[in-house]
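Enquirer: Chains as they are written, first to last, in the numbering used here: chain A, 1 to 316; chain B, 317 to 757; chain C, 758 to 1035.
This list has only true hints and no planted wrong ones.
Output of the computed footprint for chain A on chain B, the stretches with three or more beta carbons under 8 Å from beta carbons of chain A:
#1 421-431
#2 512-526
#3 566-579
#4 725-734
What the hints contain is simulated information worked out from the structure, not anything from laboratory work.
Glycine is no exception: its CB is placed at the ideal position from the N, C-alpha and C atoms.
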Amino acid sequence: MTVGTHSGRRHDVPPTGTAGPGRAGPRGRRFDLLPYALVTPLALFILALALVPAGVTIVQSFFRVDELDPPTRFNGLANFRDLFADGAIRSSLVNTGLYVVIGVLLSTVLGIVMAVTLQRPFRGRSILIAVLILPWALPGVVEGLVWTGIWDANIGLLNSVLTSTHLISHYQVFLGQHRFLTILAIELVQVWQMTPLSTLLILASLQNIPSELYEAAVLDGCTPWQALRRITLPLARPGIAIAMVQAVIATLNVFDQPYVLNGSADTGASLTMQTYFISFQNLDFGEGYALSLLITVATLILSLGVVKLVYRQVEF
Amino acid sequence: MTAFRYSRTVYLAGALVLVGAVATGCGGGKSGSGGSDKTTGVTITVALATEPPPQASIDAFTKSTGITVKWTNTDWDSLQTKIAAAATAKTYFADATDVDWSRVGQLGKLNWFYPMENYLDTKALAAEMPQLTSFSSNGHVVGIPYDASFLVTTVNKKLFTKAGISTMPTTIDEYTADLKQIKSKNVAQYPLNIPFAAAEGLSTYWYQTTAAFGGTILDGSGKPQFATPDSPGYRAAQWMVDAIKQGLVPPGNINVADSQGQQTLMAKGVVASTFADYSGNVGSLYSVPASSTVVDQVAYLSTPGVGGAGPNMSNPDGIGIPRQAKYPAAAAKFIDWFTNAQNQADFAGASGPDKVMPGYFLPSRLAGMTELTEKGKLIGGQQLADLLKNSAKPVFPQGAPSWYPEFSKSVYTSLHAAATGSMSVDDAIKAMAGTANKLSS
Amino acid sequence: MPRRRPWVRTLGILFIVLWSLVPLYWTLNTSLQTDAQISAKPAHYLPPSPTLSNYHALLSGAGEIPDTIRRSSINIVVECTAATIVTVVLATLAAYAFARMRFRGRNLLFYAVLATMAFPAYTTLIPLYRIMSLFGLVNTYTGIVLVYVSGFLPLATWILHSYMTSLPIAIEEAGQVDGASRMQILWRIVLPLAWPGIVSTAIITFLFAWAQFLFPLVLSSDLSTQPLTVAIAALQGRHTVPFGLLNAAGVLALAVPAVIAVALNRFIVNGLLSGSVK
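Generate the whole structure from the sequences, applying the supplied hints.
Expert: Right under this line is the structure:
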């Protein structure tokens, strides 16, 4: 899933398995300690602080781990059954579904628009790229604060602009009143953060499109619109696919934005927020683990689905 | 197939580490062993959701006891997360910390805090602190209330008078009629503050409104008492939702939390009344020129009930000693000092502004309250003292149930949904009652 | 290629600029106003009488809020810097081994490392907290840095691995012929060639660390380790802090990543594209 941006030969070791200096050679038969020494710190970190916690989550999602109902004991699929019986979870499932659909669509479409804008060199393009990646670089919590100033019902920028231009007669409540509007407003904040990366990924694909294709298109009398549809979009597929995958992962796990902008109200609560509530408010860790596991599985399945659907290895 | 063998070893090693981690993570059932009884020359951490008392007062404590105090001020929600996270992982994070009245049942059942009767004479304290009963669970005192916060109606008298209301309402019907009059006379476009954000403050508001309608939330076994349309809890919910639907409450309040509404609406004279306000707000917020534009205009009101004055729900803040405390005995000494009558009176302003603890409500000790009112230092003091003595009642007479947090979340998310119109009041009540029934069975 | 009408691109450029900058401008604008000015309807699109009083109150004032902001600013710098250094060093060593050496279990380990990126971070919060408390690392710089490093190592390794495999191998082979050891090759040949990739990795790691919220929220219990992001969220949660002051604090937390993003955007773009996942 890499996008090549560097010139030169690529020696992708995994998965292709070529190797450079240090391989075999005259000393090939002896046990080579150096690579193990180099990867051991990494391996320890990943094992102790990523794989073990992940393993705990998987194993304990089949246990009753409830501080209010000790001791910890095996209870099969009961945590999962409880999850599906919970109205708040079902409502968050719908919310999260909306976040994913809105987020993936908007960030992809905006990413394409922005990438096409940046496709050809022009004066000031590098400054524009610097401006473009700004929202990506900022902490999510502070972005929540930033957008509070825009959506706010009493002092928000949007209300002020809409009333000044007489599009609305008096200040409106954007967050928390209507479910769909709330979710749209929250997700727009996340889209604001994700789109820079989507744009860059799509842009990288666009850079790989040989300009001869466009020259040929001009000779054939193609309009810019036709060139976009017949050349740009099909050939940008790898970039679009990766952009969509990162959007799927981010939106399925959205937490900071709804938490900061809308609190724990059902109108905007996401599934990851529910894992937090179940674990730290209800202290029912087993059920929290189970929900985390489901979100992970959904993330993997959806990501693979997107790749299958969109990704095409493009050869020139 | 060496690669295969190798990978199997890795899996095996991984599995072993994993089992070890699970065993260590969950096997440690020990509670409260590592604490030291030292009470001099130690430094204790106190974590509360409030600003500290004046440094001079803390220094005096250090001088007389040899205990240095490190104060950590964390917002309430984060603090609850930290208490849960630390206790679950059996780690130290503070020697004394918040025991909210609503968490007493949960914390008591979890045995996360040392019983306070081991350190203080809680029997003698009970006579002095009416609210101590709200802090007992399974026969143990989980924490000591350090203030006597309760819910009380506040009104902006200037706005009421401006709308031609000369006698203050004594029943909920009169109160509602007065609010409508304020709106129709255009004195305030939205006269009533209800914090409809899905947060703890909304649940609290509903408990107080339910009490005003003459009812309770749960019975002794945790069964809901608000499920039928003629029950006080149902009518209270209907009244609150009607208030926002009829334009008595600012529409933006759908996303306004309790203290936020008090500060941006009540203290700025935007609204004329908060039905379930916090005791002490008139003195510590509405009469402070730096934070208020309505100085001397806001007063307390006896709860407008069904047929006259209704009860006031108490929501005191408590302080306890977590099992993982490093110096529980020193923490107990601090709590004893922090909650003594003289200090409480000082924190509330009995000895001048130098000794005031910012945001402090009211002394939890009757003696502290008496001293405060006798010195005439408390705005509305006599009235508050009377309310505290005669009408303040716990929300849950049998103590908050251990599953309170989950119930409260159901209450505030459902009422919030009803206020937005995405759910009918009837469905909201059904969801809340369903949660209580499920959890109490 | 077919010429688009110039106004189409101008429109696109305008959109990018407005999209990125308007929300940030608004925060800055709010932070330069008094609370009375902020609540004006319609809002002031320019600060009517620009004032630095909010910043002054935050940075040089006495009291609990300025203390919190100052201390948590130090914390966030210490934690992000330490996490970045450790991550980059470890990732460089491992990426070199993955890119240029053959050893048993290499693919397994490599994919295991990458697989952790697909796992939602919040999933591991509770077990991670338990492990940290087991070793007495809750509320310490070490604990927070270790968690950050474990979180960012996979992406850092991935970026550096992509970068190193893209380097021409011939120079390294020449070095080997000259009898240099592999560590000498890493030090004298690979590192100088790979430094843009290393810088990219460092910047991206630093920005990720700066953006953390939930992990430090749980892992730090007081001001001795709390980073700025957690401090700001706590101020916002209290509802008692004036909005102008809150926005000034927000601008402080945005300033460092914003300056980095603008000044070093080339490295970020390259790093992200070789990593291709966030």
